[in-house]
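Under the numbering used here, read the sequence shown as residues 1 to 529, first letter to last.
In case anyone wonders, no lab produced these hints; they're calculated from the structure.
Heads up, simulated DSS-like pairs for lysine-lysine below, C-alpha to C-alpha not over 25 Å straight-line:
no. : residue 1 : residue 2
1   : LYS223    : LYS50
2   : LYS172    : LYS187
3   : LYS299    : LYS253
4   : LYS325    : LYS358
5   : LYS353    : LYS396
6   : LYS325    : LYS460
7   : LYS223    : LYS19
8   : LYS51     : LYS19
9   : LYS253    : LYS325
10  : LYS302    : LYS223
11  : LYS325    : LYS223
Quick caveat: nothing in here was measured; it's all calculated off a predicted structure.
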Amino acid sequence: MVDVLLIQPPVQDFYLTAKRTIPYGLTCIAAALQAAGYSVELFDALATPKKRSIPRPAELDFLAPYYGRPDCSPFALFHQFQHFGYSFEHIGAVARASSARLVGISSLFSAYSDCALRTAEIVKKNLPQCRIVMGGHHPTALPEAVIRHPAVDFVLRGEGEVSLPMLVKALKQGGDLTAIPGIVFRKDNEIFQASAPALMDDLNAYPPPAVELIRHNFYQRNKAASAVVVGSRGCPLRCSYCAVAGWPYRRRKTDAVAAEIARAVHDHGARFIDFEDENLSLDRAWFGALLDELISRFKDFKLELRAMNGLFPATLDADILHKMKQAGFRTLNLSLGSIDPDQLTHFHRPDTKADFEKILAQARNLGLLVTAYIIVGAPGQQPESSVADILYLAGKGVLVGVSAYYLAPGSRDFAERTRSGQVPSDFRLMRGSALTGADADKRRDTATLLRLGRITNFMKWLAEADKDVWESAGLHARVRMTAGQRLLAQFLQDGLIRGITPTGEVFLHTTSLNLTSRFLAGLGSGKKI
1 MVDVLLIQPP
11 VQDFYLTAKR
21 TIPYGLTCIA
31 AALQAAGYSV
41 ELFDALATPK
51 KRSIPRPAEL
61 DFLAPYYGRP
71 DCSPFALFHQ
81 FQHFGYSFEH
91 IGAVARASSA
101 RLVGISSLFS
111 AYSDCALRTA
121 EIVKKNLPQC
131 RIVMGGHHPT
141 ALPEAVIRHP
151 AVDFVLRGEG
161 EVSLPMLVKA
171 LKQGGDLTAI
181 PGIVFRKDNE
191 IFQASAPALM
201 DDLNAYPPPA
211 VELIRHNFYQ
221 RNKAASAVVV
231 GSRGCPLRCS
241 YCAVAGWPYR
251 RRKTDAVAAE
261 IARAVHDHGA
271 RFIDFEDENL
281 SLDRAWFGAL
291 LDELISRFKD
301 FKLELRAMNG
311 LFPATLDADI
321 LHKMKQAGFR
331 TLNLSLGSID
341 PDQLTHFHRP
351 DTKADFEKIL
361 AQARNLGLLV
371 TAYIIVGAPG
381 QQPESSVADI
391 LYLAGKGVLV
401 GVSAYYLAPG
411 SRDFAERTRS
421 GQVPSDFRLM
431 RGSALTGADA
441 DKRRDTATLL
451 RLGRITNFMK
461 WLAEADKDVW
471 ESAGLHARVR
481 MTAGQRLLAQ
491 FLQDGLIRGI
501 TPTGEVFLHT
511 TSLNLTSRFL
521 AGLGSGKKI
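Required output: the full structure, derived from the provided sequences and hints.
Shown next, in the form of structure tokens:
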């Protein structure tokens with residue numbers, strides 16, 4: 001019998017990026033539980049290639065005009081809704097076999113909160129004597145929506161490393177539940193809610209994550225293990241769309257972060273390391289010291305480092321970039337947001353265009369690749385300004401990352417939309433692929449902008465691909481490339497975006513001709529790709 005079973009639930013969506021789903025947060029909580037003397041198991045329902053097609057939820061039927069047909073072209077978005085991970089029935093069997101007294105379920109994103117609650121249901125059905133606690137961004141922001149579910153006994157808001165060991169102790173020894181920071185539970189048919197989420201005041205006071213609980217053989221990149229590391233938490237910026245905006249910024253000691261990476265490299269064979277910090281380079285001196293540690297320790301290991309959450313251009317400089325290159329960064333993921341001053345004002349983001357261009361020039365000199373991310377489809381955002389954003393990046397030596405806006409509980413935008421009664425009726429709509437950030441009549445625009453980003457990147461690829469790339473590509477890739485060239489030529493003639501089915505049938509995507517015309521006019525005015 002184990003004291004605590006921690007579960008990462010499966011995901012249901014059009015797509016999943018496996019390397020972004022390593023359950024790092026659960027390993028941090030597991031380590032805190034172990035340090036307190038409790039036994040822990042972790043079941044990662046996403047650590048499997050298993051997936052199956054399932055019907056698209058009726059609440060997402062409005063997406064049929066945009067994702068209705070399979071598309072084998074480079075301009076494809078999504079098509080088939082999928083269940084990624086183990087079945088709920090299998091999760092129930094795992095829970096039953098564990099005989100755990102307490103089961104902790106992670107619920108990070110509101111769009112997937114239904115999967116987390118269904119996990120709670122199946123666990124309670126198979127292990128009725130257990131207590132179930134749920135944590136993560138979603139229950140932290142919307143605890144009452146979670147605790148009202150009959151399968152959930154407790155919600156812990158904030159950082160579970162603080163509160164979950166306290167909950168286990170209280171349940172074992174009959175302690176005062178109300179003294180646990182961030183706890184929410186039902187008492188006498190009423191909901192008791194602690195005043196504030198739990199917070200780790202000193203990150204260095206907590207043990208390193210229990211990464212031995214991760215299935216490293218699943219999370220691989222280029223036939224080597226991948227690892228996630230977090231060196232800092234929180235971000236003082238107040239971006240309107242961010243659920244963690246304003247959380248206090250705290251840093252771990254650089255030698256502790258380097259030691260954690262050493263464990264991943266030496267014990268588990270990791271060669272790809274992703275920093276999932278909210279703002280990794282915010283403290284330039286701290287980040288520079290961390291990079292010095294990594295250069296010293298791992299210069300012979302040819303690590304590939306990435307910060308996939310995005311880097312804020314204003315926090316970088318030539319010295320930092322040089323160290324990043326030495327440490328193993330090959331690609332920079334830069335958070336641009338937009339170059340439209342009005343939109344930046346709405347996002348509560350500073351204008352970083354000048355910093356971005358400076359960093360881009362320095363990155364090019366160092367041979368670093370850059371992907372720049374913009375947001376499209378936000379409430380009130382003008383799609384014409386997003387076309388201007390794409391055209392701006394089309395003329396730069398970067399890949400264009402177009403991110404469809406979604407409403408995140410806990411953000412400033414969510415609070416404002418709640419006050420005005422404009423929150424989507426179903427949490428499953430709060431995902432970028434649902435195109436629900438903008439008004440319903442602008443979904444066509446958002447889908448078009450996403451495809452224009454893909455078209456731009458394909459044009460950049462064609463401009464740089466050499467003969468060897470074509471000859472070394474597999475048959476499927478060559479067919480995709482050739483089809484993309486043909487469809488691109490047609491698009492440049494008439495502004496219509498087409499796809500191609502697996503059987504070779506060419507079809508028209510639902511497209512905003514206003515936006516494609518603006519895009520083509522921008523290219524025609526001399527915009528270099």
